[in-house]
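With the hints as extra help, turn the sequences into a complete structure.
There are 2 protein chains.
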Amino acid sequence: MDNKIRIRFAESTDLEVIRALVVELAIFEKEPDAVLATLNDYQEAFNSGLITVFVAETADEIVGMTLFYDTFSTWKGKMLYMEDFVVKEAYRSKGVGKLLFDKTLAYAQESGCKLMKWQVLDWNEGAVKFYEREGATIEKGWWNGKIVF
Amino acid sequence: MDNKIRIRFAESTDLEVIRALVVELAIFEKEPDAVLATLNDYQEAFNSGLITVFVAETADEIVGMTLFYDTFSTWKGKMLYMEDFVVKEAYRSKGVGKLLFDKTLAYAQESGCKLMKWQVLDWNEGAVKFYEREGATIEKGWWNGKIVF
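Residue numbers (our numbering), protein chains in the order written: chain A, 1 to 149; chain B, 1 to 149.
What the hints contain is simulated information worked out from the structure, not anything from laboratory work. Careful: at least some of the hints might be erroneous.
[Unchecked claim] Think about it this way: if two alpha-carbon atoms lie no more than 25 Å apart in a straight line, the pair counts; the simulated DSS-like pairs of lysine-lysine are:
1. 146(B) / 146(A)
2. 76(B) / 88(A)
3. 78(B) / 146(A)
4. 76(A) / 30(A)
5. 146(B) / 94(A)
6. 140(A) / 76(A)
7. 4(B) / 76(A)
Have a look at this one:
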């Protein structure tokens, strides 16, 4: 599988497919109606440089992506935050996720970040094990606060 | 107290005091050696526009701050992320935190964000209650993953 998959930076024309992958993951995470951000919201964020995306593609189609942006840890310094990470269901457990994750990690290092950070649902054992194999620390003592306008 | 406190955007010359507040909070959070980011790291992040800071000041000194940046929620759209929020110990429980938090929330709304997000330690009951009084949702089902380089 691996040698048929290419990882590249996404272009603006990929955003519709990228958003469809986000919707697929939201369904997996039991929140099918959670994706309120429109394609236009994605385009504005992409065109302003707020978000960067790696896509994994076969000869035929995009089968996965990581979406991320630069942030700043007041403890550690410049930090890459991976907001979303999706592999199409039919392509899971075939090494596509590892290719995407490792590429994103390498990009974070090359661009001078001191760390990379992301979140995982506490019940998603497969994902937690994947991240631990990658050498990640999983922090369980923080809660998210949010106010939606 | 409230009428003696002024909230304003931080300037580059405030960064040393801002970093000292971060160190004070790290000690409170039982991680006294965690602040590896240097003043130079703060200056680079500030000067490149990656971070924005509100400070609360009396006539004499800065007594609190919120440090934040724009991010993107793939579910909701443009999102303000509050990375750090500190009030000096002597000025807690006097309304300074509410002034800072409300100013940051208003700024997020004015700048077109769909939501504001942050994290809180699960044992920090006082902070959790403060956020709930502000109308926040506290999500307990996500863990943080991170890899430090």
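Outcome of the hint check:
Taking the CA atoms of residue 146(B) and residue 146(A), the gap is near 21 Å; set against the 25 Å cutoff, the hint holds. Between residue 76(B) and residue 88(A), the direct Cα distance comes to roughly 21 Å. Compliance with the 25 Å bound is thereby established for this hinted pair. The straight-line distance between the Cα atoms of residue 78(B) and residue 146(A) is roughly 13 Å, inside the 25 Å bound, and the hint therefore holds. As the CA atoms of residue 76(A) and residue 30(A) are separated by approximately 33 Å, the hinted pair breaks the 25 Å bound.
Pair hint residue 146(B) plus residue 94(A) holds up; C-alpha atoms about 23 Å apart against a cutoff of 25 Å. With a C-alpha separation of about 19 Å, the suggested pair residue 140(A) and residue 76(A) falls inside the 25 Å cut-off, and the hint holds. Between residue 4(B) and residue 76(A) the alpha-carbon distance is near 33 Å, which puts this suggested pair outside the 25 Å criterion.
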